[in-house]
Amino acid sequence: MSGLTIRTMQPEELTIAIDWARNEGWNPGVEDATLFYYADPSGFFVAEFEGEIVAVGSAVRYDAQFAFCGLYIVAPKHRGKGYGLALTKHRLAYCGDRNVGIDGVLDNVEIYKRVGYRPYYQNKRFQKRATAQTVSSNTHDIKQSHIAEIIDYDRQCFPAKRDTFLKGWLQQAQGKSVCVIENGQVRGYAVRRQCVEGHKVGPLFADTKQVAAQLFSALQQDIAGEVFILDVPENNPLAVELALNEDMEVVFATSRMYQRGLPDIAHHKVFGITTFELG
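When you read off a place in the sequence shown, starting at 1, and then add 2, the result is the number in our numbering.
Be aware that one or more of the hints could be misleading.
Stated by the list, open to error - Derived pair list, reagent style DSSO-like, types lysine-lysine, alpha-carbon separation capped at 27 Å:
#, residue 1, residue 2
1, 79, 115
2, 130, 178
3, 130, 211
4, 163, 145
5, 115, 126
6, 91, 115
7, 178, 126
8, 91, 79
9, 211, 178
10, 211, 169
11, 145, 178
12, 163, 91
13, 83, 115
14, 126, 163
15, 163, 178
16, 145, 169
17, 163, 211
18, 211, 145
19, 211, 126
Unchecked claim - Ranges between beta-carbon positions, derived for each pair:
#, residue 1, residue 2, range
20, 138, 266, 28 to 34 Å
21, 157, 251, 30 to 36 Å
22, 25, 146, 35 to 41 Å
23, 147, 50, 44 to 50 Å
24, 131, 98, 39 to 45 Å
These aren't lab readings, by the way, just hints derived from the structure by calculation. In this text the structure is predicted, and so the values were computed from the model without any measurement. Think of the CB as a built atom: it goes at the ideal place given N, C-alpha and C, for glycine as much as any other residue.
Let the hints inform the model, and build the full structure from the sequences given.
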C-alpha cells in the first residue's frame with residue numbers, strides 16, 4: 003500500500019498502544035506496557051502513513067509452534083482504509099508456520115475468517131464487586147521459590163512455555179499472585195493485576211473448580227468493594243459455573259480463534275485466560 007510503512011514498535015511506543023486501548027474502553031492493566039513487552043520484544047508493530055501512526059498490533063511468538071496476535075487497534079479516523087488489514091498480514095507473516103490465536107471482537111469474526119482464522123469458543127468477561135473472603139490454609143502468595151513449578155504447571159494450560167513473560171507477570175508491583183499447594187504440589191495458581199478501573203484476574207488455572215474457587219477468594223479478600231473482572235472460556239463449563247456462583251455478570255465477549263486448530267491443552271483447568279491481548 004503506497005505511503006504505508008509497517009515497522010517494529012519501539013519500547014517507548016508501547017504506551018501509545020496501551021493509551022489507545024484505554025480510549026477504546028479495554029481497561030488495560032497499569033503495568034501492561036512493560037509486562038506485555040517481555041513476551042516477545044520483536045512482536046509489537048506500528049503502521050505509519052506519512053509519518054503518522056495509524057494502527058498498532060502485536061504478534062507474540064511464544065515458541066516455534068505457537069503465537070498469539072492482539073493489541074490490534076486502528077486509529078478511529080483511519081478505519082476503513084485497509085491499514086489494519088495490511089498490519090494483520092504483516093503480523094501473520096511474522097508468525098510464519100505457527101498456529102496463531104486471537105481473541106476476536108464478535109462483530110469482526112467474518113473478517114478474521116477471511117485471513118484464515120476459525121472460531122472455536124467464546125471468552126466471556128464477567129464482572130462484579132469484590133467481596134471479603136475467607137482464605138484457605140493451603141493458599142499461598144507466590145514466592146520466588148514457587149516460580150519454577152508455576153511455570154511447569156502453566157504449560158499444561160497454555161500452548162507454549164512462557165518463562166520470561168511469567169517471571170515478570172507473577173511479580174508485578176501492583177498485582178497479587180497466589181497458588182494452592184496440596185501434598186507439596188501446586189494444584190493451581192492465579193494472578194490479579196491493577197487496571198485503569200478495578201482489577202483483572204488472569205490467568206486462573208486450577209486442577210478443580212474447588213481449587214479455582216479458593217484462588218478466586220484469595221484474590222478478593224483485600225480489595226472488597228472494588229471492580230473485579232474474570233475472562234472466562236465458555237468451553238470449560240465449570241469455569242462458567244464458578245463465575246455465576248460468584249454472582250458475576252457478563253459485560254463483554256470475544257471469539258477465541260486459531261489458524262491451525264484448537265491447541266491440545268488441559269482446557270478443563272482453564273478457569274480464566276491470561277489476557278485478551280496475549281492469550
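Each hint tested on the structure:
no.: 1; hint: 79 x 115; in the structure: holds, 25 Å
no.: 2; hint: 130 x 178; in the structure: holds, 18 Å
no.: 3; hint: 130 x 211; in the structure: holds, 19 Å
no.: 4; hint: 163 x 145; in the structure: holds, 19 Å
no.: 5; hint: 115 x 126; in the structure: holds, 20 Å
no.: 6; hint: 91 x 115; in the structure: holds, 13 Å
no.: 7; hint: 178 x 126; in the structure: holds, 22 Å
no.: 8; hint: 91 x 79; in the structure: holds, 21 Å
no.: 9; hint: 211 x 178; in the structure: holds, 20 Å
no.: 10; hint: 211 x 169; in the structure: holds, 25 Å
no.: 11; hint: 145 x 178; in the structure: holds, 11 Å
no.: 12; hint: 163 x 91; in the structure: holds, 25 Å
no.: 13; hint: 83 x 115; in the structure: holds, 19 Å
no.: 14; hint: 126 x 163; in the structure: holds, 24 Å
no.: 15; hint: 163 x 178; in the structure: holds, 21 Å
no.: 16; hint: 145 x 169; in the structure: holds, 11 Å
no.: 17; hint: 163 x 211; in the structure: holds, 24 Å
no.: 18; hint: 211 x 145; in the structure: holds, 23 Å
no.: 19; hint: 211 x 126; in the structure: holds, 17 Å
no.: 20; hint: 138 x 266: 28 to 34 Å; in the structure: holds, 31 Å
no.: 21; hint: 157 x 251: 30 to 36 Å; in the structure: holds, 32 Å
no.: 22; hint: 25 x 146: 35 to 41 Å; in the structure: holds, 37 Å
no.: 23; hint: 147 x 50: 44 to 50 Å; in the structure: holds, 45 Å
no.: 24; hint: 131 x 98: 39 to 45 Å; in the structure: holds, 44 Å
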